[in-house]
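Required output: the full structure, derived from the provided sequences and hints.
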Amino acid sequence: MRKIEINLSTRKYYFYIESGSLDRVGETLMEVADPGTRVMVVADDTVDSLYGNRVAGSLSRAGFNSLSYIFPAGEASKNLANVNGLLEKMAENLMTRDDLIIALGGGVSMDLAGFAASVYCGGIDHVRIPTTFLAAVDCCVNGRSCINLEGGGNAAWTQHHPVLVICDPESFGTLEPEYYAEGTAEAIKYGLVGDKRMFARLSKATFQNSVADIIEDCARLEARILEEDGDGLGRSQYLDLGHTFARAIEEVSQHKIRHGSAVAMGMMMAAKAGASMGFTSSDMVPKINEALIRNGLPTKCKLPEEEIAARMRYDRTRKGDMIDIVFPVKIGKCEVHRIHTDNLPKIVQDAMENELYKNMSIGDMERLEEGKVFTDEDVVQQVLVAAAVADRKTVFRMSGGSENINTLTDCLKELGAGIEIRNENMWQIAPITEEKIREKGDFLPIINCGNNDTAFRILVPVMAAMNREMFVSGTGDLARTPFEDVIGVMEPKGSVFRFDHFPFELSGSFTGGRFELPADTSRKLLSGLLMALPMLKENSEIVLEDGYEHYDAADDTLRVLEEFGIRIQRSGNIFIIKGGQKYISPAGFDLSDLA
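Count along the sequence shown from 1, add 571, and you get the number used in the numbering used here.
No lab work stands behind these hints: they were computed from the structure. Don't take each hint at face value.
Claimed, not checked - List of simulated lysine to any residue pairs, SDA-like, C-alpha gap at most 25 Å:
1. Lys-827 <-> Ala-726
2. Lys-1064 <-> Pro-1074
3. Lys-767 <-> Tyr-751
4. Lys-574 <-> Ser-590
5. Lys-904 <-> Ala-1158
6. Lys-904 <-> Asp-800
7. Lys-1108 <-> Asp-1056
8. Lys-583 <-> Glu-598
9. Lys-858 <-> Lys-964
10. Lys-890 <-> Pro-916
11. Lys-574 <-> Tyr-587
12. Lys-827 <-> Tyr-587
13. Lys-1064 <-> Asn-975
14. Lys-1064 <-> Ser-1078
15. Lys-1064 <-> Ala-1090
16. Lys-574 <-> Ser-781
17. Lys-1064 <-> Gln-1140
18. Lys-1108 <-> Phe-1086
19. Lys-1153 <-> Asp-949
20. Lys-1149 <-> Asp-1117
21. Lys-1153 <-> Met-1041
22. Lys-1108 <-> Pro-1074
23. Lys-1064 <-> Gly-1047
24. Lys-1064 <-> Ile-1139
25. Lys-583 <-> Pro-606
26. Lys-1108 <-> Ile-1139
27. Lys-1153 <-> Gly-987
28. Lys-904 <-> Ile-575
29. Lys-775 <-> Glu-787
30. Lys-1064 <-> Val-1114
31. Lys-660 <-> Asn-636
32. Lys-775 <-> Ala-1158
33. Lys-858 <-> Arg-806
34. Lys-904 <-> Ser-847
35. Lys-964 <-> Asn-975
36. Lys-1153 <-> Asn-1110
As the list claims (entries may be wrong) - Taking CB as the label site, the calculated pair distances span:
37. Leu-720 <-> Gly-634: 56 to 62 Å
38. Gln-1140 <-> Ala-726: 26 to 32 Å
39. Asp-921 <-> Asp-1091: 43 to 49 Å
40. Gly-744 <-> Asn-636: 28 to 34 Å
Given the structure is predicted, the values throughout are model-derived calculations rather than measurements. Built from N, CA and C at the ideal position, the CB exists for glycine as well.
What follows is the structure, encoded as structure tokens:
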């Protein structure tokens, strides 16, 4: 068992971390309460169905009089109506100041139980038992309990520290990956605030097997900060990193964006705005971005910037016409700057770097909720190919998959790329290297494009631009589809196709220049050329003889290329392509940004 002493000016208590401790809650509770004490367990209906009986049974075995207040799961329950319902139930059961409350579950349970405990009979003891990673790292040490009002989220709050915290990491096993990631956002915050080692560890996203270490490190760091800052005006303010933006994001999204995701976006916004204002080191932005993406967290806010700025005006840190915003300076160090509310629109504008999403309406949140957008399949494949030819590893989030994507990944692996899928949302692509090519020996790689026409018409030009010889095969309709357009475009530029049907051998060279594409040219081949030609030494020009309106899907390709540092100029139906460009990995990004 890990035992962390929290020694604050107003209270001293212990934070226990131990697997299986849910079954020993009653035994542990005897450290702070006598048998016969009434104990009100506060939990949402989901947590109650998972752990309610286990906790109640443990309390009963230890001689406690167990009661329960169950409420519907979700942020909407964090309201005064539920606080009132809980207080009324406590009064009906004649609970006194000698009794106590247990908060069992996530952040909403912690807030409801802590808030009620702070006002019932002038304040009674409460115990926190987090069953989510987010609650374990964010809701158990600072003693703050918040309630949403119609005029603003978390607008009503109290400071009432628990007498005991019991954390059973085994309870996190029921969490879906995206819920697990919520807690990681807060843990990354602690690393940015004051622990370089923790940030480095979280950045690698390999901590899940030792999550108890992260919980302990977060608790000790927060306790140390609070112990040093009794009045709350010093370093404890740093714990608000990202939250000024995050609270506005939650409100504007009507809580469709969960807290951890909002904090992730908020930290990126603080870093970008801080860099723009000279507070934040410029290298912090990509470091934070990559750490968040590697852990399955969104990094770009896609809500109307004017609404974000308007909500921030009423943040709880406001003092007159000023609000306090925490900015990261470097890993392990933050600063608080007092900002005039008139400057918020410009700060938010600087923080929201993607023009494409600045003015997206709230109504689009159903489509963008949780960052779970499955981008057009062709775009996903273009990202995979771009990552495979980039300068270093790329990590990105996406939801879903398909047979075509699986086919393409098999082709890329055969060509020497490293592909790791950590869960269904998190992909890591290591680029094709000369070392990987040499490992294949003297044999040419054989790629089977299956029935995937996109993979075929992108990979052939791109691999030719890299001077990669290979055998190419196909199946189904693709194997029966002529590809004279590919041969007609590439052979005049030096590529050699041995056979004009599948399977065939690709060899020779590929040079740039002027490409005049007839009306029947495949849109997918256009994407392949746009991806291949910047890699060549020569400058190139593509002319669409049929006009651009039939090739508007190329806009998606240009967005992918821009994400990887490739710039192509388009004027009407003509693309101007500078040669000698290199694919620069963005390190980490959310595929939904290309939707």
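Hint check:
1. Lys-827 <-> Ala-726: 18 Å, holds
2. Lys-1064 <-> Pro-1074: 21 Å, holds
3. Lys-767 <-> Tyr-751: 22 Å, holds
4. Lys-574 <-> Ser-590: OK: Lys-574 and Ser-590 at ~13 Å, within 25 Å.
5. Lys-904 <-> Ala-1158: 23 Å, holds
6. Lys-904 <-> Asp-800: Given pair Lys-904, Asp-800 holds - Cα atoms ~16 Å apart, limit 25 Å.
7. Lys-1108 <-> Asp-1056: With Cα atoms ~23 Å apart, Lys-1108 and Asp-1056 stay inside 25 Å; holds.
8. Lys-583 <-> Glu-598: Since the Cα atoms of Lys-583 and Glu-598 sit roughly 20 Å apart, the hinted pair holds (cutoff 25 Å).
9. Lys-858 <-> Lys-964: 14 Å, holds
10. Lys-890 <-> Pro-916: This hinted pair holds, its Cα atoms lying about 18 Å apart.
11. Lys-574 <-> Tyr-587: Status holds; Cα separation ~5 Å.
12. Lys-827 <-> Tyr-587: Violated - the C-alpha atoms of Tyr-587 and Lys-827 are around 32 Å apart, more than 25 Å.
13. Lys-1064 <-> Asn-975: At roughly 29 Å apart (the allowed maximum being 25 Å), Asn-975 and Lys-1064 break the hint.
14. Lys-1064 <-> Ser-1078: Roughly 12 Å between the alpha carbons, so the hint for Lys-1064 and Ser-1078 holds.
15. Lys-1064 <-> Ala-1090: Given that 25 Å is the threshold and the Cα spacing comes to 20 Å, the pair holds.
16. Lys-574 <-> Ser-781: 16 Å, holds
17. Lys-1064 <-> Gln-1140: Roughly 22 Å separates the two Cα atoms, so the pair holds.
18. Lys-1108 <-> Phe-1086: 15 Å, holds
19. Lys-1153 <-> Asp-949: Cα-Cα ~22 Å, so holds.
20. Lys-1149 <-> Asp-1117: 23 Å, holds
21. Lys-1153 <-> Met-1041: Within the cut-off at roughly 22 Å; holds.
22. Lys-1108 <-> Pro-1074: 29 Å, violated
23. Lys-1064 <-> Gly-1047: With Cα atoms ~29 Å apart, Lys-1064 and Gly-1047 exceed 25 Å; violated.
24. Lys-1064 <-> Ile-1139: 20 Å, holds
25. Lys-583 <-> Pro-606: Judged against 25 Å, a Cα distance of about 22 Å means the pair holds.
26. Lys-1108 <-> Ile-1139: Answer holds: Lys-1108 to Ile-1139 is near 15 Å, not above 25 Å.
27. Lys-1153 <-> Gly-987: Given that 25 Å is the threshold and the Cα spacing comes to 18 Å, the pair holds.
28. Lys-904 <-> Ile-575: Holds, at roughly 24 Å.
29. Lys-775 <-> Glu-787: 18 Å, holds
30. Lys-1064 <-> Val-1114: 16 Å, holds
31. Lys-660 <-> Asn-636: Holds: Lys-660 and Asn-636 sit about 14 Å apart, inside 25 Å.
32. Lys-775 <-> Ala-1158: 12 Å, holds
33. Lys-858 <-> Arg-806: 23 Å, holds
34. Lys-904 <-> Ser-847: Answer holds: Lys-904 to Ser-847 is near 17 Å, not above 25 Å.
35. Lys-964 <-> Asn-975: 22 Å, holds
36. Lys-1153 <-> Asn-1110: Since the Cα atoms of Lys-1153 and Asn-1110 sit roughly 13 Å apart, the hinted pair holds (cutoff 25 Å).
37. Leu-720 <-> Gly-634: 56 to 62 Å: Given about 39 Å between the Cβ atoms, the range is violated.
38. Gln-1140 <-> Ala-726: 26 to 32 Å: With a Cβ separation near 50 Å, Gln-1140 and Ala-726 fall outside 26 to 32 Å, so the hint is violated.
39. Asp-921 <-> Asp-1091: 43 to 49 Å: 46 Å, holds
40. Gly-744 <-> Asn-636: 28 to 34 Å: 30 Å, holds
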